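Residues per chain, in single letters:
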Amino acid sequence: MASRPKSSRRRFEDLRRGLANLAREFRRSKTGMTGLTILIILTFIAVFFPIIGDPEAIDNWTNLEYWQDNPKKAPPCWAASDAFRTVIITRNNTSPTGAELVTREWMTPDGRKVSSFSLLFTVEKKPPTNINVEFRVSYKKTTRILILLERPDGQVVYLTKNPFEGRGTSVKDVFGVATTKFNGTVSKQISSYVTKPKNVENFLRPWLESNGYKIGTAEISVLTKSGFDILFAKLTPNLFNQIEYLPGRYNLTIAFVSKDPDSSFEVKKIVLVGGCFGLAGSDKYGRDLLQGLLYGVKWALIIGLLASLASTLIGGVYGVVSGYAGGVVDEVMLRIAQVIYSIPVLPILILLFAIIKPSIWILIGLLVVFGWPGMAIVTRSMALQLKEETYVEAARAIGAGHFRLVFLYILPQILPYMFASIALSVPGAVIAEASLSFLGLGDPTILTWGKILNEAQNAAATINGYWWWVLLPGIMITLVGTTFILIGQALDTILNPRLKR
Amino acid sequence: MILKSLVYSSLDWAACDVKMSGVARLLIVQTINNLAILLIIVAIISVIFVIYNQQALEGAVIEAVQNYARMIERNPNLTEEEKKVLIEQFEQNLRYKFGLLGNPVQKVYNMMIRLLTLDLGNARQIYIGASYAIKDQVLLALRNTAILFTTATIITTFVGLFIGLYAARRPQGLLDRVLSISAVFSASLPTWWLGMLMLLIFAFKLGWFPFQSKDIFIRLSELSAAYQAGEMGYLTYLLSKVYTWIYYMFLPLVTVVIVSVGGWAYVVRNIVINRMTEDFVMVARAKGVPERKVLFGHILRASSPPLVTIIVLGLVNSLGGAIITETVFGWPGMGLLYWVALTNSETLLLGTVTYVTVLLFVVAVVILNFIYALLDPRVRTGHAGGISPVAR
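Protein chains in written order, with our numbering: chain A, 1 to 501; chain B, 1001 to 1392.
Chain A with its partners taken away, still in its complex shape:
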C-alpha cells in the first residue's frame, strides 16, 4: 500500500522531466521561438489594450455620431501620401497647421449685421473629402446666409444666393432651422449640401455654364455624386470624365446676414475632412480600423485557445479511456467519435446561428462539441499501444485501479502530443469564428476581425478597391493562425523526429 504514492510521485517526476526536455528542445527550435515571440506580443496587445489602444473607441464603435468627423472609407496615411490631412478648427484654436480661420463682423448701411467666417486652406495634391461646419447661433429676426468659395485660379463659386442682391438664401435652406428665430447649435456637411440636386441645379450648373461647359443629364448625375470634388478641380475640357485637382490656396467664406443687430454667431467646430486616416484606415462610418484590429486580438485568442484547449482535453481523455477499455466499449466509443468527426461543422453552424441568436460562448461550445473527435482518434490508438507497455502492466500487477492507470500512467505519456494538438487546432477555431462573422452570423455584441470583413464585403470593398479594409483584418487572422501553427509544428517536429530528416 505504501508504495503507491511513491510510484505516482515517480510518474510525475518522469512527466516533469519529459516536459523539461521538451521545453529545452523547443527553445532550440527557430520556428517555435518565432511563434512563441509573436504569441507573447499578441498576448501583450490583448492584455494591455486599455493602455496601448483606445477603449473609448471600442465602447463607441456602434455610436456613429462619435465618428462623424473622421474621413470615411479612407486609406491609411502611410499609403496615401497625396491625400489631404484632416484639420480641425475649434473656437480656441482658429489657426491649426494647414488652415486658418478669419472672423469679421460689421453692420451694413441698411442695418443688417454681417458675421463672416473665412476659412483659408491650401490644397497641395488632393482636396479635403468633406468640410463639416458647426456654429453656435442666436438670432431673433430673419437671417440669411452666404457661402462662397474662392479658388486659386481667381474663380469665385457661389454656393448660395447673394443676400445683398435680392432675397438670398435663408438659414433654413442650409441648416434646416427656423429663419426668423433660433438659438442653439447648427451643423452641416458641405459636401452633402453641394451635391443636393436642387443646389447642383442652382449653383454648380450656372458656375460651370459660365465657364463654357454644356450641362446635360449625364453631367448633372456626375455633379450629384462628385460635385464637391469638382469645386477643387482644374477646369479642363475633360472635367466630367477625369478630375484633375487644382492646387493652391482656397478660401471658403460662410457669412450670416441677420436683420437682428443683437444676433451672435460663433464657430463651434470646423473640420476639413482629409483623405486618409491613421495607421489602418477607416471604414464607411469613419471608424478607426486600427482600434478594431488591436481589440480583435483578445477575442481571437479567447476563441482559439478556449475551443482548442477544451476539445483537445476532452478528446484526449475520451480517446485514452476508449483505447484503454478495449472491446465493445472501445468499438462503440470509436464509432461515436468517427460519426461526429465526419460531420461538416461549418454548414451546421451556419444553419444554427441563422436561427438562434449568435453568441460567442455558444459558438465556442459548439466548436468543442464538433472538434474533440480528431484528438480522440489519435490518443485512442496511442493508448492501445501504451496499455501493453511493461510499466503499465507492472502498475496493474501491484494493484493500480483503472482510474489510476488511465490518468497517472497512460495520459501523462500522451500529454506532449496534446500540447502540439492544442496549438495546431487554434487557427481552425479562429477561422471558423471569422467565417461565421463574415456571413453576418457573429455575436452582435462583440467586435471581431470577421465582423470587420463582413462590413467590408457589405460595402463592396473589393469592387471599390478599399484594400486596407480587407487586407489588414485578414492579415491579423493569418498572423494568429501562423503563430500557433509555428508553435505546433515545432512541437510536432520534436515529438516526431522522423519528419526532420
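Some hints here could point you the wrong way.
Below, a list of computed lysine to aspartate or glutamate pairs in the EDC-like style, where the Cα atoms sit at most 20 Å apart [to be verified]:
1. 126(A) <-> 100(A)
2. 196(A) <-> 209(A)
3. 1205(B) <-> 82(A)
4. 126(A) <-> 110(A)
5. 357(A) <-> 1058(B)
6. 161(A) <-> 150(A)
Beta-carbon label-pair distances, calculated as ranges [said to hold, decoys possible]:
7. 415(A) <-> 1064(B): 58 to 68 Å
8. 1143(B) <-> 81(A): 45 to 55 Å
9. 1155(B) <-> 155(A): 57 to 67 Å
10. 43(A) <-> 1173(B): 51 to 61 Å
Calculated from the model, a selection of chain B residues having no Cβ within reach of chain A, i.e. all distances over 10 Å [stated by the list, open to error]:
11. 1031
12. 1063
13. 1068
14. 1086
15. 1101
16. 1153
17. 1178
18. 1214
19. 1218
20. 1219
21. 1221
22. 1249
For the record, the hints were derived by calculation from the structure and aren't laboratory data. Given the structure is predicted, the values throughout are model-derived calculations rather than measurements. Even for Gly, the Cβ is constructed at its ideal location relative to N, Cα and C.
Fit chain B to the given chain A structure using the hints.
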C-alpha cells in the same frame, strides 16, 4: 491539414472496419456507415427546423389569440364564460391550422422525409435558374458547386502530389523550405479572405477578371444559342466557350487551389518521407531502380491509401471554406444560395442547402472509399485482417 500529418496513420478511416473479408464487405459497411451519418445530420437539421417553426408559429398564435380576445371583449352579448370558451376554441383552431398539434417526433420524421426527398415546395424568389421550386434551385447550385469544387480538388491533388514528392526528395532543400512556409500559411488563412485579395488585385487593380462570376452560365447559353443560329463556326464557338470558362472560373479556382495545395503537399511530403526509410525502398534502390521510378512507382504506390484518406478529410475540411469563397466571387453555387438564403431569411432554403452540402460530401467520402479499396492491396485481396493503426 497539418494536424493530419501528426495523426494520419492512426486515423485509418477505412481500415478500422477491415476486420473480416474483402472489398464488397468493406464497401457495404462503409456505405452504411456514411448513410447513417447522413441520416443523423438530416435528423439534426430537422430537429432544428421543427423547434424553430414551432417557436415562430407559437408566437404568431399568441398574438392572434390576444387580438381575438380584445375583439370579443367589447361584445356585450357574451358572458364571461362564453368568451372564455370562444377564445379557447379559436386558439385550438389556430393551432390545428398551423400544424402545432401532434407528436413532435412525428413532425421531425415528416421533415426528414421531406428533406431526403427534396419535397420542399417553393422559395419566395428565384435566386438561381428559372424556377421557384427549392429543389430545382438547390440542384442547379449543387451542379455548379460540383463543377468548381471537383476541378479544384483534381488540380490540388496532382499539383500537391508533385510538389510533395519533390520536396520529400531533398528534405531541408529550397523547395521543402518553401513548402513548409506555404503549409503554415495555408492552414492559417481563410480561403474567402484570399478570394477578396485576389479580387482586389486581379479584378480591381488589373481588371483581368470579372468581380462576379454569376453570369457565366448565361454567357455560355448565349454562346450556344449563337452557335446554333449559325452565327459562328465550330472552332470559334469552342474557343469562346473555353475563354468564357477560364474568364469566370479562374479566380475562384486558383484561390481554392492556392489555399489547399500547401497543406496537402506538406502531408504528402511527410508520408513519403516516412515511407522512404522502409526496406522495400532501400531494396529498390539497391537493385538500381531509377530514382524517378522509386519515387512514383514504389513510394507513391505504397503511400496511396493514407493519401486518399487525407484527401477525403481535406475535402471535408475545405468544403465549408470553399462555400464561403463562392459568395465572395458570386459563383452561382451552394455558397451563393447560402448567402441569399441568409440575407432573405429563407430558412427552409437554408436547411436544404445545408442538407445538400452534407450530402455532397458524404457522396465524396463514399466515392473515395471505393478508390481506397481499389488502391490498398490488403483490402483488394481480402487479407485485410492485420491493419493496426501505427501510433507514434
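Here's how the hints hold up against the structure:
no. : hint                           : verdict
1   : 126(A) <-> 100(A)              : holds, 18 Å
2   : 196(A) <-> 209(A)              : holds, 18 Å
3   : 1205(B) <-> 82(A)              : holds, 19 Å
4   : 126(A) <-> 110(A)              : violated, 41 Å
5   : 357(A) <-> 1058(B)             : holds, 18 Å
6   : 161(A) <-> 150(A)              : holds, 15 Å
7   : 415(A) <-> 1064(B): 58 to 68 Å : holds, 59 Å
8   : 1143(B) <-> 81(A): 45 to 55 Å  : holds, 49 Å
9   : 1155(B) <-> 155(A): 57 to 67 Å : holds, 59 Å
10  : 43(A) <-> 1173(B): 51 to 61 Å  : violated, 35 Å
11  : 1031                           : holds, 13 Å
12  : 1063                           : holds, 20 Å
13  : 1068                           : holds, 28 Å
14  : 1086                           : holds, 34 Å
15  : 1101                           : holds, 22 Å
16  : 1153                           : holds, 15 Å
17  : 1178                           : holds, 14 Å
18  : 1214                           : holds, 13 Å
19  : 1218                           : holds, 20 Å
20  : 1219                           : holds, 19 Å
21  : 1221                           : holds, 25 Å
22  : 1249                           : holds, 17 Å
The structure shown violates the earlier hints numbered 4 and 10.
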